[in-house]
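S.K.: Here's the letter readout for the chains.
There are 4 protein chains.
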Amino acid sequence: MSKSRLETFSDGVFAIAITLLVLTISSPVDYGRLGHQLAHRWPSLAAYIVSFAIIGIMWLNHHTVFNHLEVVDRPFIFFNLFLLMTITFLPYPTGVLGEALAKSQGTTTAAAFYGVTMILNAFAWAALWLWASRGRRLLRPSFPESERVMATVLFVAGAAVYTLAFGFAFLDAYVFLGIQGGLALYYAFDPISRRVARSAPGAVGREGSVESRLPDPPGPRE
Amino acid sequence: MSKSRLETFSDGVFAIAITLLVLTISSPVDYGRLGHQLAHRWPSLAAYIVSFAIIGIMWLNHHTVFNHLEVVDRPFIFFNLFLLMTITFLPYPTGVLGEALAKSQGTTTAAAFYGVTMILNAFAWAALWLWASRGRRLLRPSFPESERVMATVLFVAGAAVYTLAFGFAFLDAYVFLGIQGGLALYYAFDPISRRVARSAPGAVGREGSVESRLPDPPGPRE
Amino acid sequence: MSKSRLETFSDGVFAIAITLLVLTISSPVDYGRLGHQLAHRWPSLAAYIVSFAIIGIMWLNHHTVFNHLEVVDRPFIFFNLFLLMTITFLPYPTGVLGEALAKSQGTTTAAAFYGVTMILNAFAWAALWLWASRGRRLLRPSFPESERVMATVLFVAGAAVYTLAFGFAFLDAYVFLGIQGGLALYYAFDPISRRVARSAPGAVGREGSVESRLPDPPGPRE
Amino acid sequence: MSKSRLETFSDGVFAIAITLLVLTISSPVDYGRLGHQLAHRWPSLAAYIVSFAIIGIMWLNHHTVFNHLEVVDRPFIFFNLFLLMTITFLPYPTGVLGEALAKSQGTTTAAAFYGVTMILNAFAWAALWLWASRGRRLLRPSFPESERVMATVLFVAGAAVYTLAFGFAFLDAYVFLGIQGGLALYYAFDPISRRVARSAPGAVGREGSVESRLPDPPGPRE
Numbered sequence: 007m008s009k010s011r012l013e014t015f016s017d018g019v020f021a022i023a024i025t026l027l028v029l030t031i032s033s034p035v036d037y038g039r040l041g042h043q044l045a046h047r048w049p050s051l052a053a054y055i056v057s058f059a060i061i062g063i064m065w066l067n068h069h070t071v072f073n074h075l076e077v078v079d080r081p082f083i084f085f086n087l088f089l090l091m092t093i094t095f096l097p098y099p100t101g102v103l104g105e106a107l108a109k110s111q112g113t114t115t116a117a118a119f120y121g122v123t124m125i126l127n128a129f130a131w132a133a134l135w136l137w138a139s140r141g142r143r144l145l146r147p148s149f150p151e152s153e154r155v156m157a158t159v160l161f162v163a164g165a166a167v168y169t170l171a172f173g174f175a176f177l178d179a180y181v182f183l184g185i186q187g188g189l190a191l192y193y194a195f196d197p198i199s200r201r202v203a204r205s206a207p208g209a210v211g212r213e214g215s216v217e218s219r220l221p222d223p224p225g226p227r228e
Numbered sequence: 007m008s009k010s011r012l013e014t015f016s017d018g019v020f021a022i023a024i025t026l027l028v029l030t031i032s033s034p035v036d037y038g039r040l041g042h043q044l045a046h047r048w049p050s051l052a053a054y055i056v057s058f059a060i061i062g063i064m065w066l067n068h069h070t071v072f073n074h075l076e077v078v079d080r081p082f083i084f085f086n087l088f089l090l091m092t093i094t095f096l097p098y099p100t101g102v103l104g105e106a107l108a109k110s111q112g113t114t115t116a117a118a119f120y121g122v123t124m125i126l127n128a129f130a131w132a133a134l135w136l137w138a139s140r141g142r143r144l145l146r147p148s149f150p151e152s153e154r155v156m157a158t159v160l161f162v163a164g165a166a167v168y169t170l171a172f173g174f175a176f177l178d179a180y181v182f183l184g185i186q187g188g189l190a191l192y193y194a195f196d197p198i199s200r201r202v203a204r205s206a207p208g209a210v211g212r213e214g215s216v217e218s219r220l221p222d223p224p225g226p227r228e
Numbered sequence: 007m008s009k010s011r012l013e014t015f016s017d018g019v020f021a022i023a024i025t026l027l028v029l030t031i032s033s034p035v036d037y038g039r040l041g042h043q044l045a046h047r048w049p050s051l052a053a054y055i056v057s058f059a060i061i062g063i064m065w066l067n068h069h070t071v072f073n074h075l076e077v078v079d080r081p082f083i084f085f086n087l088f089l090l091m092t093i094t095f096l097p098y099p100t101g102v103l104g105e106a107l108a109k110s111q112g113t114t115t116a117a118a119f120y121g122v123t124m125i126l127n128a129f130a131w132a133a134l135w136l137w138a139s140r141g142r143r144l145l146r147p148s149f150p151e152s153e154r155v156m157a158t159v160l161f162v163a164g165a166a167v168y169t170l171a172f173g174f175a176f177l178d179a180y181v182f183l184g185i186q187g188g189l190a191l192y193y194a195f196d197p198i199s200r201r202v203a204r205s206a207p208g209a210v211g212r213e214g215s216v217e218s219r220l221p222d223p224p225g226p227r228e
Numbered sequence: 007m008s009k010s011r012l013e014t015f016s017d018g019v020f021a022i023a024i025t026l027l028v029l030t031i032s033s034p035v036d037y038g039r040l041g042h043q044l045a046h047r048w049p050s051l052a053a054y055i056v057s058f059a060i061i062g063i064m065w066l067n068h069h070t071v072f073n074h075l076e077v078v079d080r081p082f083i084f085f086n087l088f089l090l091m092t093i094t095f096l097p098y099p100t101g102v103l104g105e106a107l108a109k110s111q112g113t114t115t116a117a118a119f120y121g122v123t124m125i126l127n128a129f130a131w132a133a134l135w136l137w138a139s140r141g142r143r144l145l146r147p148s149f150p151e152s153e154r155v156m157a158t159v160l161f162v163a164g165a166a167v168y169t170l171a172f173g174f175a176f177l178d179a180y181v182f183l184g185i186q187g188g189l190a191l192y193y194a195f196d197p198i199s200r201r202v203a204r205s206a207p208g209a210v211g212r213e214g215s216v217e218s219r220l221p222d223p224p225g226p227r228e
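Sequences listed follow chains A, B, C and D, in order. The working numbering puts the first residue of the first sequence at 7, with every later residue one more than the last. The working numbering puts the first residue of the second sequence at 7, with every later residue one more than the last. The working numbering puts the first residue of the third sequence at 7, with every later residue one more than the last. The working numbering puts the first residue of the fourth sequence at 7, with every later residue one more than the last.
Each computed DSBU-like pair below joins lysine-lysine, with the alpha-carbon atoms no more than 30 Å apart:
no.: 1; chain 1: A; residue 1: 109; chain 2: D; residue 2: 109
no.: 2; chain 1: B; residue 1: 109; chain 2: A; residue 2: 109
no.: 3; chain 1: C; residue 1: 109; chain 2: B; residue 2: 109
no.: 4; chain 1: C; residue 1: 109; chain 2: D; residue 2: 109
No wet-lab data here; the hints were simulated from the structure. Source: prediction; values computed, not measured.
This is chain A alone, in the form it adopts within the complex (with noise of 0.2 Å):
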C-alpha cells in the first residue's frame, strides 16, 4: 500500500462523508405549512454547517500529515481506517443532534453522543500521530524534531480540549455546538498547519499538476 493510494482511499471517503451529510435534514412533513416547517428545522441545519466544516478541516488537515510523512505502515493503515471510521460515522450523531434541537427533546443526550464521537475522532487523530512520530518511525527526514515534539502536545492537547468539550453537552446543545464549531475552526488555522501553508503555495507551483502541464492559453485576445 503506497501513501499516495492511502491518501486518495482517505479522500474519497472524506468527500463522501461530507456529501452525505445532507441526507441527516429530515425532510419536510407539512407542505402546507412549509416555511414553518424550514424554519422549525435550523437546528439541523446548523449541526449540518458544522459537521461539514468539521470534515472539511480534518480533510485538509489529514494532508498536512500526511505531508510529513516518509513511508506509511500496516499499523499506520489500521489507525487511519479507524480515524476514517469516526468521520463516516459523524453524519448519524449530527443528524440526531439536529432533530433533537428542533424536537427539543433529548438535547442533552444528544450532544453528549455527539461529543463523544468527536473524542473518539481526538483519539484516533492523536493515536495515528503517536504511531506515526514516535521514534520518528514514520516522519520524513527533513521534518524538524522541534515540530514534531510541538505536533504530539498540540494532539494530546486536542484529545483533552474535546474531553472538556464533551461537558458542554450537560450544560447547554446549543453552546456544545457552537463549541464544536468553534473547534473546527481553531484546527482551520492551528500552527501546524498554517506553517505548511506558508510553504504551500510556491511548491505547489514548482511542482504543478496534471492541469497545470497543460499549455497556456494562447496569448491576449481581443
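Given chain A's structure and the hints, the job is docking chains B, C and D onto it.
M.R.: Then chains B, C and D, alone, in the frame of chain A:
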C-alpha cells in the same frame, strides 16, 4: 495541498452530489395506482434534471477556473469548501421543491428556499474568483489581464442575476425552476468557458492522459 | 477538460451509482416474520443484480469507447453528462420495479418506466458515439475505419434493440427484467469490446501503472 | 482497461460502501427517550463496526492481491465486479442484522442472511484468485511459486471457513457477529498480507507519490 489534489477532492464531491440527487425523488406509496403516482412526481423529475444540469455544468466550470490558476492557497481552499457546501446542500432544496410542486403546496416557499441556496452558491463563486484574481493572486502569468477583468464582471454579475432570479420564486415556482435551468444552460456556454473550450481539444491532444499513451490497438483487422 | 479528467469523473459517478443501488431494496418491516419478508423481496434483489450488471458493464464499455478517442470537446462532455444522468437515475426505476414485482402491483408500469430509462440510456450512448465518430471527429488516427462503421451500426442498433425490449414490459415484467439482464450480458461480450479485450492484456503489461512499477517483492522465502 | 484504472474504480466502490454503512443505523423515533433509544441501537452499532472492519480490511487485501498481478484481463474484471457486488450489498444485511438484534426478533434469519452474503463474498475472492493464479495467468513473473500455492490454499480455505461460520448463525446471532469480526481481524493479519507489509514500507519509500516528491518544508524554524 496541491492544486491537483484540491481538484480531485472537489471532483469527488461533485460526482457524489450529482449521483445522490436521485434520492430526492420520493418513492411511490400506492403501487395499485403506480402510473398515476409516477406521473404525479414529474415535478420532482424536473427539479432533478435542473439540479443535475446545475451541478454538472458547475463541475465543468470549476475546472475552467482551476485551469487558470498557478497555485492555490489556504484561504482559497476554504472558499472552495464553502462553494462545495452550497453544492452538496443542493439535493435538499431540490427534493423540497419537487415535492412541493407535486403536492401544489408551499411552492413559493420551496422555490424561495431553492433560490437562497443558489444565491449563496453564486456568492461563493464570486468570492472564490475574487480571492483568486485580486491582484492576480493565484492566476497564471499567462492569463490575459483583459480576461481577468471580464471574468470578474461576469462572476459579480452572476451573483446579481441569481439574486434577481430569486424574485421569480414569488411569481411562479415552475417559471422559477425554468429560469434556474436556463441559467445553468447559459453557464454551459458562457464566454470564458467557450474560449477555453476552443483551445482545449488541441491542448488535450498534446497533453494526453495515461490512457491515451496506451499503444494504439493494432491496425485494421479482418 | 482533459480526457483523463472526464474519465475519472465518469468513473466516480459509475462507482457511486453502482454502490447506491443497494439503497433501492426496502428494509423489512415486520422482524417477527423476517424470513418471509426477505424472501418476499427477492424481486428487488433480482432488479438490484440486473442494474448492478448494467452499470458495471457500461462502466467497462465506457472505457472501451474512451480508449478510441484522441481528444474530447465540449459537446462531447455534455453528451457524456446526459449519459451519466441516465445512469445515476437508474436506481430509482430499479427500486420501483423491484417493489412493484414484490407487491405484484403496477408491474407493467414499473417495467415500462425502467424500459424508458434504458431507451434514453441507449440513445445517449448512440449520441455520444455519433458525436465522437462522425467524420472521425474525436477518434484516434489509428482507429480503423472499418471498426468505426461497425461500431456506429451497433450503437444505432442498440437504441433500436432497447426500444424493442421496451415492448416486453407489456408482456411480463419478469421476462422484461430477464431481457434487460440478457442485454447487459450481451454488451459484456460485444464485438468491439472483445477485440479490445484481446489486445488489452499486452497493452496493460507494457503500459503498467504506478503500482506495477513498484519493485517486485523480494524473491522466494522460506 | 488498465490495472490501475480497475484498482481506482474498485477503491471508489470500497470507499463509498464503507461510508454508506452509516445509513444502516435506523434513526431514533421517540426523542423523549433518546438515551434509551440510542442504547437500544447498540447492536446496529456493533454490526456497523464489524462491517466497517470487513470492508476496510478487504480493501487492504484487494491491493495486496493486485500488487501481485502483472496484468488484468476481461474475465478478471468480471470476477472483480462480482466481488464488488458482494461488498456493495453488505450494507443491507448489516442493517437487517443490527435491527433484528435490537428488536430481538428474527435474529437467526438475519444472521443467516448476513452469513450467506459473506459466503458469496468468500467464493468471489477464491474465484478471483483462482482465475488470476491458475497457470500463473495474470501473476508477475517474480511472484514466488511457493506463495502462489499457499495463497490458493488460503483462499479456498477461506471459502470453507465462511461456510462453517454460517453455521453459527443458527447457534447465536451475537456469537455469529463476533466470529465475523474475528475473521475480519484474522484477514487483517493473514500470512500473505503480512509478508507484503514487511516489504511495503521500503518499497513505498522508493516509489513515493506526487506528494512525497514535493520539496521538503524548509528546515527548522524558530
